[in-house]
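Peer 1: Here is what each chain is made of, one letter per residue.
2 protein chains.
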Amino acid sequence: MAGSEAKERKILVAVDEGEESAYALSWCLKNMVAENSKDTLILLYCKPPPPLYPAMDGTGYLFSDDLIASMEKYSTELAESVMVKANGLCKEVNDVKVETRVERGDPRGVICKMAEKLGVDIVVMGSHGYGMIKRAFLGSVSNHCAQNVTCPVLIVKRPKSVAPNNCSQQII
Amino acid sequence: MAGSEAKERKILVAVDEGEESAYALSWCLKNMVAENSKDTLILLYCKPPPPLYPAMDGTGYLFSDDLIASMEKYSTELAESVMVKANGLCKEVNDVKVETRVERGDPRGVICKMAEKLGVDIVVMGSHGYGMIKRAFLGSVSNHCAQNVTCPVLIVKRPKSVAPNNCSQQII
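Going down the list, the sequences are from chains A and B. My numbering puts the first residue of the first sequence at 1, with every later residue one more than the last. My numbering puts the first residue of the second sequence at 1, with every later residue one more than the last.
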């Protein structure tokens, strides 16, 4: 790879608020992206789908419009915060061309769909993918993507001994 | 990555007689290994374990010593053939430092064990991993490794439209 012959690659990195996805992004920047390359890093964040059937909630409060608006605001702010953090990491480690995408839905479907739609060359993600709580309900996002995405999938597991965002023990 | 700052990385590539693993190796050579890098590619081939309980076979022929010797010979020749092919691919695409390892046992366990033992930086494998027939019995090798190997795992799926060993549609 790399060198002057290298064409532009599209690398889709699934990011979330977890430390594992930050580690995966760091690892990718240090191991996949060559300096001065023409690669484009597409950071994909997946917002949770809106709660279903608000009218069926009996409390008249839990799923009120106010609460839904608050959840939406929180979700949007969280997405922005994750993207700012991820962008910062990109600038810090490797000044690569970065695009950001925020989509909504089940991360398993969203990642597969976006990988296909954007015609990316590789998908990079943490092994847990999209947080431990969601994983408990949805199953392993990375397993699903490894099986269903047609391009290569790189699954990065954060070593337990490594502090967040620090992959200096990996090769630079 | 890459550049003069790059340290030596160990990249473990699981190879077998299938076209998918050849494609995974090609993809790795073109997308993961920088020219003139200090990376070492470790090609790992896993021979099937010897048949169990030969004495319990009622036919007195199927698991005779002769047949076991023939199977072992075939298995060894197959391993050599795969390694010659894989080595040729490495020389052809990218003149990287290559080591070969032939181990015996369940590929799922062997890959995880060797990744740990050799302290590799990344494991690369085809998504089916170790042939369709074995996969039917053993389950997905790549899924198992993605869950159990502690370092990053790159799972490469061969596009249906791509001829064996040809990943020219990928980035060079």
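It should be emphasised that the hints constitute simulated quantities derived from the structure, not laboratory data. Be aware that one or more of the hints could be misleading.
Claimed, not checked - Computed from the model, here is a short list of chain B residues facing chain A with C-beta under 10 Å:
(1) A24
(2) C28
(3) N31
(4) Y74
(5) M114
(6) L118
(7) S142
(8) A146
(9) T150
(10) L154
(11) I155
(12) K157
Glycine included, C-beta positions come from ideal geometry on N, C-alpha and C.
Peer 1: State for each hint whether it applies.
Peer 2: Going through the hints against the structure:
1. A24: 8 Å, holds
2. C28: 9 Å, holds
3. N31: 5 Å, holds
4. Y74: 32 Å, violated
5. M114: Where the cut-off is 10 Å and the nearest Cβ of chain A is about 17 Å from B/M114, the hint is violated.
6. L118: 15 Å, violated
7. S142: Hint holds; B/S142 Cβ to chain A Cβ min 6 Å, cut 10 Å.
8. A146: 5 Å, holds
9. T150: Constraint on B/T150 satisfied, holds at 6 Å.
10. L154: 5 Å, holds
11. I155: Since chain A brings a Cβ to about 5 Å from B/I155, closer than 10 Å, the hint holds.
12. K157: 6 Å, holds
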